[in-house]
Amino acid sequence: MHEGPLHPQFENLDRQKDAARLGMWAFLGSEALLFTGLFALYAAYRTLYPDAFAAAASHNDVKLGTINTFILLTSSFTVALSVHEVRLGRARRAALLLLVSILLGFVFLGVKLTEYAEHFREGIFPGPSYRYEGLTGYGPRLFFTLYFLMTGIHALHVTAGMGMLAWVMFGAWQHRYSPLYHTPLELGALYWHLVDVIWIFLWPCLYLMHA
Amino acid sequence: MRYFVVWLALMGLALLSFLFSGSHHGIFDIVFALVIAVAKTALVALFFMELIEHRFINSMVVLVSAGLIALLLSLMVADIRTRRTFPRGPVPTEAEIPTAK
Amino acid sequence: MTSGTYEADLVGDKEVAPPSHVPTDALVDYLRADRGIRSWLLTTDHKRIALMFYVVIVFSLILGGVFALLLRTELLTPERTVMDAVTYNRMFTLHGVTMVWLFMIPAIPNTFGNFVLPIMLGAKDLAFPRLNLASFYVYLLGCVVTLGAMVWGGADTGWTFYVPYSTTSQSAVVPVVLGIFIFGISSIMTAVNFIVTTHTMRSANLSWFRLPLFVWALYGTSVIMLLATPVLGLSVIVVALDHAFHLGIFDPALGGDPVLFQHLFWFYSHPAVYIMILPAQGVMSEVVCTFSRRQPASYAAIAISSLGIALVGFGTWGHHMFVAGMSEFDANVFGVLSMFVAIFSAIKVFTWVATMHRGSIHFNTPMLYFFWFLFLFVFGGMTGVAVATESLDVHWHDTYFVVAHFHFIMVGGTLTGFLAAVHYWFPKMFGRLYSERMGLLTSFAVFTGFVLTFFPQFLLGNAGMPRRYYSYPARYQWLNVLSTGGAWLLGGALVLTLVNLLVALFWGRRATANPWGSRGYEWMTPVLPPKTNFAATPVIGRGPYDYHRPEEEAHA
Chain A
104 MHEGPLHPQF ENLDRQKDAA RLGMWAFLGS EALLFTGLFA LYAAYRTLYP
154 DAFAAAASHN DVKLGTINTF ILLTSSFTVA LSVHEVRLGR ARRAALLLLV
204 SILLGFVFLG VKLTEYAEHF REGIFPGPSY RYEGLTGYGP RLFFTLYFLM
254 TGIHALHVTA GMGMLAWVMF GAWQHRYSPL YHTPLELGAL YWHLVDVIWI
304 FLWPCLYLMH A
Chain B
249 MRYFVVWLAL MGLALLSFLF SGSHHGIFDI VFALVIAVAK TALVALFFME
299 LIEHRFINSM VVLVSAGLIA LLLSLMVADI RTRRTFPRGP VPTEAEIPTA
349 K
Chain C
112 MTSGTYEADL VGDKEVAPPS HVPTDALVDY LRADRGIRSW LLTTDHKRIA
162 LMFYVVIVFS LILGGVFALL LRTELLTPER TVMDAVTYNR MFTLHGVTMV
212 WLFMIPAIPN TFGNFVLPIM LGAKDLAFPR LNLASFYVYL LGCVVTLGAM
262 VWGGADTGWT FYVPYSTTSQ SAVVPVVLGI FIFGISSIMT AVNFIVTTHT
312 MRSANLSWFR LPLFVWALYG TSVIMLLATP VLGLSVIVVA LDHAFHLGIF
362 DPALGGDPVL FQHLFWFYSH PAVYIMILPA QGVMSEVVCT FSRRQPASYA
412 AIAISSLGIA LVGFGTWGHH MFVAGMSEFD ANVFGVLSMF VAIFSAIKVF
462 TWVATMHRGS IHFNTPMLYF FWFLFLFVFG GMTGVAVATE SLDVHWHDTY
512 FVVAHFHFIM VGGTLTGFLA AVHYWFPKMF GRLYSERMGL LTSFAVFTGF
562 VLTFFPQFLL GNAGMPRRYY SYPARYQWLN VLSTGGAWLL GGALVLTLVN
612 LLVALFWGRR ATANPWGSRG YEWMTPVLPP KTNFAATPVI GRGPYDYHRP
662 EEEAHA
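Protein chains in written order, with the numbering used here: chain A, 104 to 314; chain B, 249 to 349; chain C, 112 to 667.
If you are wondering where the hints come from, they were derived from the structure by calculation, not from laboratory data. Cβ coordinates follow ideal geometry from the N, Cα and C atoms, glycine included. It is possible that part of the hints are untrue.
Unchecked claim - Chain B residues, not near chain C, derived (Cβ > 10 Å throughout):
#1 Phe268
#2 Ile275
#3 Val283
#4 Asp327
#5 Val339
Stated by the list, open to error - Which stretches of chain A does chain C cover? Using the computed rule of at least three CB atoms under 8 Å from a CB of chain C, they are:
#6 120-134
#7 142-152
#8 224-232
#9 242-249
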């Protein structure tokens with residue numbers, strides 16, 4: 104059971120771990136502020152076009168959105184479990200849990216793609232190509248432009264998160280982590296949980312607050 | 249084990265949110281949805297992300313970020329809500345405009 | 112790795128051989144420690160990274176200055192002088208973008224912060240040295256992308272990229288804003304590094320209230336960099352996407368609201384000016400104490416004010432939008448909050464002045480820059496309070512009055528702080544002394560050139576001349592000519608400053624470890640710090656401004 108490398112600038116492993124965690128939390132803070140701009144635009148435009156936004160939100164498939172919410176919440180659960188398993192010395196089990204999380208991520212993206220396809224079929228595109236007859240006017244087009252922007256940028260982060268989980272999954276499978284040292288896994292898990300938290304707010308804004 | 253309990257709570261809150269969105273309570277639609285979202289976030293942060301066991305400075309990052317998010321959203325929405333348009337006043341005729349001597 | 116104690120064994124100016132258990136190659140200075148270009152390009156030593164930043168940042172300052180001189184020369188006459196109107200628009204955009212993102216934001220943090228922060232904390236390096244190196248290359252990439260856009264003529268929107276012009280302009284908006292996004296990434300990397308380092312790498316006895324005030328300033332700066340920059344990142348990404356795909360998010364014809372872009376843009380860009388001034392204030396705290404041989408009149412006042420500026424500064428962004436179409440309610444809120452943030456700067460100014468009282472003032476070049484800073488920052492700050500008054504801003508908004516105000520702070524504050532730092536830490540970074548006589552001359556020339564350039568602009572703005580205008584009524588010409596004359600003088604003075612320092616770099620007198628007799632922790636290392644700063648973590652048993660102790664005791 105190894106303790107992991109101590110980088111020369113640190114006094115001891117405890118400080119190194121504290122530093123890694125704080126660094127990741129600080130980075131997550133910056134990611135949260137990145138999405139804040141989009142939520143701010145949503146909030147402002149919703150205030151400007153309340154009925155149109157509510158009507159447009161009804162047009163999203165709330166069942167698919169809710170399924171996606173359950174998927175991401177569960178994937179957060181499996182990721183948290185994988186960290187727990189490594190702490191108990193069961194690195195291979197942790198790797199399998201991470202694999203499940205990644206697969207759930209794929210399902211999430213798959214559902215989103217089907218939703219996008221459905222929207223495109225109806226003529227709902229971001230920006231100028233919007234041509235859905237059922238919802239016209241400024242409000243719905245702005246809603247859906249924001250919808251594509253917000254879910255699109257979120258999907259990018261989901262993909263990046265899946266990449267990180269894959270990285271630490273291989274590390275866990277190759278027994279690079281132990282109960283004494285699993286910092287990369289913890290940090291990757293933190294990132295994934297943030298991706299989940301962003302969706303926790305996207306879901307009500309884009310699906311639940313409907314007419 | 250506690251992760252399982254937290255997961256159940258999260259799924260329960262999500263279900264609650266979904267069911268509540270079916271009915272309509274005016275402004276409380278938005279309030280309720282956001283309150284549940286914050287509760288779920290708190291559960292994920294405190295237990296899945298283990299914030300409850302980390303050093304306090306990590307929580308400070310979350311609190312300061314939350315404060316700034318609230319600041320930006322509230323003032324942007326306040327801008328939209330409190331804008332007033334004033335009707336154009338009477339336009340002075342040529343004769344009424346004072347000319348410089 | 113044992114945590115033994117090893118202080119730089121200096122008694123007065125003499126160096127004493129280190130204890131025998133310390134390997135001597137740990138004490139080779141950082142410039143000579145490894146050789147070859149790869150050892151520089153792939154270094155993780157925060158001091159070498161600081162020097163690499165230094166080179167590119169000085170280059171950026173020169174470039175931004177050239178753009179400024181070109182546009183000021185154009186403004187010598189109301190008609191075309193040296194360029195046409197389209198080029199003029201691109202020139203002031205380039206000047207703004209270059210100065211803000213290539214120079215001002217990284218100048219003090221990435222050069223001097225990188226160099227002295229770990230040493231001030233008794234650490235061997237920053238918390239994440241490879242992230243530090245990455246932040247340099249990301250910054251360099253940002254420079255390449257942003258300046259590379261000049262190939263397509265650059266953007267003509269002004270550095271503020273207001274929509275709907277920026278989303279419809281045919282100029283090269285997309286590469287410029289993408290470059291800015293990349294700079295943002297570098298900023299955030301730096302911020303993460305500084306925050307984590309300050310929290311987790313202080314040596315044993317260094318409580319927060321024993322840290323040098325420069326550390327507090329960098330910490331406040333890093334908080335802003337971390338949390339404000341992403342909002343800018345998002346807003347420029349939306350502009351880029353909107354420009355490329357005509358999303359129409361801010362297009363009034365499609366129901367959009369252009370003022371919302373301004374909210375997002377200024378939510379970053381106002382705190383950004385605190386990113387620019389806080390480090391300069393931090394430098395001034397160090398300089399005032401060193402050259403007055405006194406501890407700060409109130410350490411807590413300056414430390415807490417640094418945090419106060421960082422946090423309250425987030426709430427003031429709407430004062431850039433008083434006449435943009437924002438609601439009156441919001442305007443009132445922002446007006447009041449803007450008054451609050453000024454209080455913290457005022458506290459610092461009074462504290463610095465009180466620090467000098469009964470001190471032993473030494474008029475070295477850094478201290479001279481402090482005096483220029485004091486005058487110019489107070490002037491600039493008070494005109495800031497003036498334009499924060501909504502009713503007055505209706506008259507001054509988008510005139511040269513505002514241009515003068517922010518140049519008083521940016522140049523009179525930040526650049527002066529940068530130059531003070533350049534001279535103050537010169538012996539520590541390069542082991543040489545510059546000519547104080549030339550320093551006196553050049554700093555005076557910089558000050559004079561600055562005042563001649565920007566004071567007339569207050570008068571121009573108050574008389575009604577708008578900013579960013581290519582031509583103007585003839586009655587404004589004499590003030591424009593004065594301003595341009597001052598600009599050339601300022602440019603010349605800065606070139607002379609550079610020459611003085613380059614001469615000192617190669618032929619200057621060799622410096623001792625602590626030529627200023629400062630009690631600051633960074634002066635405890637040998638003349639040029641070794642690669643790992645210390646052979647073993649120092650245990651610092653005193654405060655950073657203990658001028659009541661004689662120098663021998665301070666170094667024991």
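Hint check results:
no., hint, in the structure
1, Phe268, "holds, 30 Å"
2, Ile275, "holds, 20 Å"
3, Val283, "holds, 24 Å"
4, Asp327, "violated, 5 Å"
5, Val339, "holds, 21 Å"
6, 120-134, "holds (count 9)"
7, 142-152, "holds (count 6)"
8, 224-232, "holds (count 3)"
9, 242-249, "holds (count 5)"
In terms of the numbered hints stated before, the structure departs from hint 4 and from no other.
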